[in-house]
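*Asks:* Sequence:
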Amino acid sequence: MKVKGCVRRGLATSVLPLAALLSATSAHAVDGTVTITGSITDASCTIDIDGGTGGDYTLALPVVGISSFKSVGNSAGATQFNFNLSECTGTDTAPTKVRAHFEAINVDVSTGNLLNMAMINGASGIEVQIANADGQPIDLRDNKNNNYADIDAENGSATMSYVAQYVSVDPAVTAGTVNAQLMYSLEYL
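Those letters in the sequence shown? Residues -29 to -1, 1 to 160, per mature numbering (1 follows the signal peptide of the UniProt record, and there is no 0), in order.
Treat the hints with care, since some could be wrong.
Restraint ranges, calculated between C-beta atoms of paired labels, are given here [unchecked claim]:
| id | residue 1 | residue 2 | range |
| --- | --- | --- | --- |
| 1 | N92 | E125 | 25 to 33 Å |
| 2 | I7 | E58 | 14 to 22 Å |
| 3 | V1 | G106 | 47 to 55 Å |
| 4 | V1 | G147 | 53 to 61 Å |
| 5 | E58 | S95 | 20 to 28 Å |
| 6 | A143 | S15 | 22 to 30 Å |
| 7 | A89 | A124 | 41 to 49 Å |
Hint data in this document are derived by calculation from the structure and do not stem from the laboratory. All C-beta atoms in this analysis are idealised placements derived from N, C-alpha and C, irrespective of residue type, glycine included.
Could you build all of it, start to finish, from the sequences and the hints given here?
*Replies:* What follows is the structure, given as structure tokens:
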């Protein structure tokens, strides 16, 4: 009998505060409305990255000595790669501008560069920086400095040029391999 009494008392003491919490009303007022609009396009382009077919490509940066990285922010091994687009069409309205929108996946949240994902014998203190054709670093957290390219209205083609390079993020860089992945989707205007 004592056990049943304890269970009842325990149940009553745990249910009462829960009931009081659930019966409490909140005093929230609506201050405004955010209306979200957008559109989905059927625009598309055929993608060729430096002679490759399809949307995937492997870019090999040159071998660079650690002496190139004397302080944080030093870069080396700049290598250009090009998105050569063709057959850019759409049934609604043909797009006039395009860019590779880089996804913020495998990106260092403090620098906006690609993280070195090499698991075995990976270089430390190094990330991969992506820059636009003018050499301005693109912040992969928000695509700042990632410019749109004009699509040729007559033949539906466009070229977008970018640069990938090593960049030091630590004053003590160690030798090793570098492996990064840059995910993208085409964004049209």
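*Asks:* Look at each hint and say if it fits the structure.
*Replies:* Against the structure, the hints:
The given range of 25 to 33 Å is broken by N92 and E125, whose C-beta atoms sit roughly 50 Å from each other. In this structure, I7 and E58 break the distance hint of 14 to 22 Å, their C-beta atoms being roughly 31 Å apart. Checked against the given bound of 47 to 55 Å, the beta carbons of V1 and G106, roughly 48 Å apart, stay inside it. Distance hint for V1 and G147: a CB-CB separation of about 55 Å, consistent with the stated range 53 to 61 Å.
In this structure the hint that E58 and S95 lie 20 to 28 Å apart at CB is violated, the actual value being about 43 Å. Between A143 and S15 the Cβ separation comes to about 46 Å, which falls outside the hinted range of 22 to 30 Å. The hinted window of 41 to 49 Å between A89 and A124 holds, with their beta carbons roughly 43 Å apart.
Comparing the model with each earlier hint shows violations of hints 1, 2, 5, 6; every other hint is respected.
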